[in-house]
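Asks: Below are the chains, spelled out letter by letter.
There are 2 protein chains.
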Amino acid sequence: MISKEMYELGSKRSVIRELFEYGKQQAAIVGKENVFDFSIGNPTVPAPECVKEAMIELLETSKSDEIHGYTSAQGDFEVRKGLADYMNNTYDCQLKADNFYMTCGAAASLCITLKALTASPQDEFIIIAPYFPEYQVFIKNAGAKVVVVPADTKDFQIQMDLLEKSITFHTKGIIVNSPNNPSGVVYSEATLKSLGELLKRKSKEYNKPLYLISDEPYREIVYDNIQIPYVPAYYENTIICYSYSKSLSLPGERIGYILVPDCVENAKNIYTAICGAGRSLGYVCAPSMFQKIVLKCMGKTSDVALYDTNRKMLYDGLSKMGYQCVRPDGAFYLFVKSLEESAVNFSENAKKFNLLVVPADDFGCPGYVRISYCVDPEMIKRSFDAFQKLRDLYR
Amino acid sequence: MISKEMYELGSKRSVIRELFEYGKQQAAIVGKENVFDFSIGNPTVPAPECVKEAMIELLETSKSDEIHGYTSAQGDFEVRKGLADYMNNTYDCQLKADNFYMTCGAAASLCITLKALTASPQDEFIIIAPYFPEYQVFIKNAGAKVVVVPADTKDFQIQMDLLEKSITFHTKGIIVNSPNNPSGVVYSEATLKSLGELLKRKSKEYNKPLYLISDEPYREIVYDNIQIPYVPAYYENTIICYSYSKSLSLPGERIGYILVPDCVENAKNIYTAICGAGRSLGYVCAPSMFQKIVLKCMGKTSDVALYDTNRKMLYDGLSKMGYQCVRPDGAFYLFVKSLEESAVNFSENAKKFNLLVVPADDFGCPGYVRISYCVDPEMIKRSFDAFQKLRDLYR
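Quick note, the sequences are listed as chains A and B, same order.
Numbered per the numbering used here, the first sequence spans residues 17 to 411.
Numbered per the numbering used here, the second sequence spans residues 17 to 411.
Because the hints were derived from the structure by calculation, they are not lab data.
You may find that some hints are simply not true.
Any copy, or any two copies together, can satisfy a pair, since identical chains are not distinguished.
What the hints assert, rightly or not - Below 30 Å or equal to it, Euclidean Cα-Cα: the simulated DSBU-like pairs (lysine-lysine) are: (1) K209 / K28; (2) K112 / K28; (3) K20 / K312; (4) K284 / K40; (5) K367 / K156; (6) K216 / K367; (7) K28 / K284; (8) K97 / K48.
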């Protein structure tokens, strides 16, 4: 008798993984160039040169234990200080090193934050469809309940009336993700304002803090000069979870942070509970060398222009064919309406043309598919014929 | 209302941390050269050259996404294959890539394994004093109960009669750690044989598997040509938790693995549950570049001879002064009997001479102190006068 829950979680492959594995098998049969795999969100744009330069500089100038030794559990002080300075220069905020807790990436940031906040099995966290499927796993691991607000399929902002109805006395927090995976949509200023007002009003009504968890791995992957604002400016009780996976194309290195600004109610205690939760989950410290690398690369990003080329090519190409595409302002996903009610069937039909697109049912948004465009632009060009054939199938 | 449990865990500094911070303050007052800090187990011997060479080779020969991209959740296949080959060449075993699950270090290995095995809040894990204090935290996080077997203060092996009495129908597993932190002792072959026989007998008696979790971060930090054997050879239901923190002096990089050999009862399902537990705790994959680095450094270690010099100097020096020291065959700790009943008071008295030694109460072994000798040998030489004065205080 081992853990049934963990066994089930381990044996359930995600739809994305299934498609990815299928793509590899199919490539062996029909040739790699004839499979159009839009399933996985693994950044293809290389890490900026500063990553390599920082690594070589560290190897040349620092002692082994300075590079590879344990840092303090909340992260190296100089790194957190540099991060505070960078944020203060970029946004209108006054942060200090001790507002930051370095983590092993976005998933760790979320798991630690949720575990720190959850005080009772009745606690609820609200997620807004379409959402990253692992949110469900992380909330359950923290011992809390998941509440889903259905997607606003008009413009993929937030249906505030439905969110309002979802907030109860048991609500501990709300997770938002903008730029959004899978829709590619960025929340507008109007959305953030309404969200802030609603949460303030409901906190007052229930006489308890409602924590907004802003999951921001795509903060710098934005187009057309859009700027993602500093979310605590709209609502003070905001905890930011960040990862360098996308901005520096380092998804495998597991490096990110949690930011608890002083304006958060109970900030000091939450930070302390975050330290406890990190310890409890087995996170001793964030990888030490990459902590020092992100300090040296502060403010740099991978070349987003390359994703932008893909975005325009795919959005324009598919729109012209008659696909209904959500206009993406950020991240590297195009969210497309399925040509039949079941996006699962639609995705199956797409496979006939070796097109791999992810049905968004697991993202809480049936009837849509996610197309990851962090791919070789040549593959996009070659895929148009297949997208046309798929379109024709439904005429 | 946030998590009280996590808040308490986060606000409770370990004795080791307290001493370490005190040492830094004291150094500012009396000078760094006059403080003898034996508190922390942070390896001082540098990482072997192969680490730097592997890093530079990867940067020169591989594409960014090959180095820094996500690996599969269980770890890069080539890395796990290389690990299996290395183990098969080193020990008498027949392992495959799929017996290994790469992790973010020893703490992650343990947390994931415990979470995968725990099926009910009645499940118990037995730990053997002296033990690494975080075992308590990790077992509680998995939702199981901690059962402690008191230390064998004669020769710091295992009191088999007491272990036998501790095994109940609720026992899920036993954690052992050899070479041991904090005692520095290596379990003898006789101990492993008796342990294997006892666990086989009790498994039969209760008609259920008892899992032995062998925590082996110090496996290669051994002296006098001692070899740490392959523990599953003594007891089949053994899961090995490993970390490269000590063997390659990479504690901050968070890289290790879990090994579930095929001989473990229910091995496939346990491996699947481990995949689920890793996912649930927010471990997406082990840091990708360091996975590839450990592959290139397979079988290499930091220069253990440097620790051996410290070991001999300290053991001989303190023994001559009349301290009762446990003879250490591995790790980099000397375990010394306190000169009064309370090791906490003894450690306080040691501070009068700027000697920082850790009372072992939190390791489940009151009456002893732990001395970490992964330090500059010059500091050891300078410390002898202080150790002598401390000794004289008790005459």
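Asks: To test your reading of the hints: which numbers does this structure violate?
Replies: 1, 3, 5 and 6
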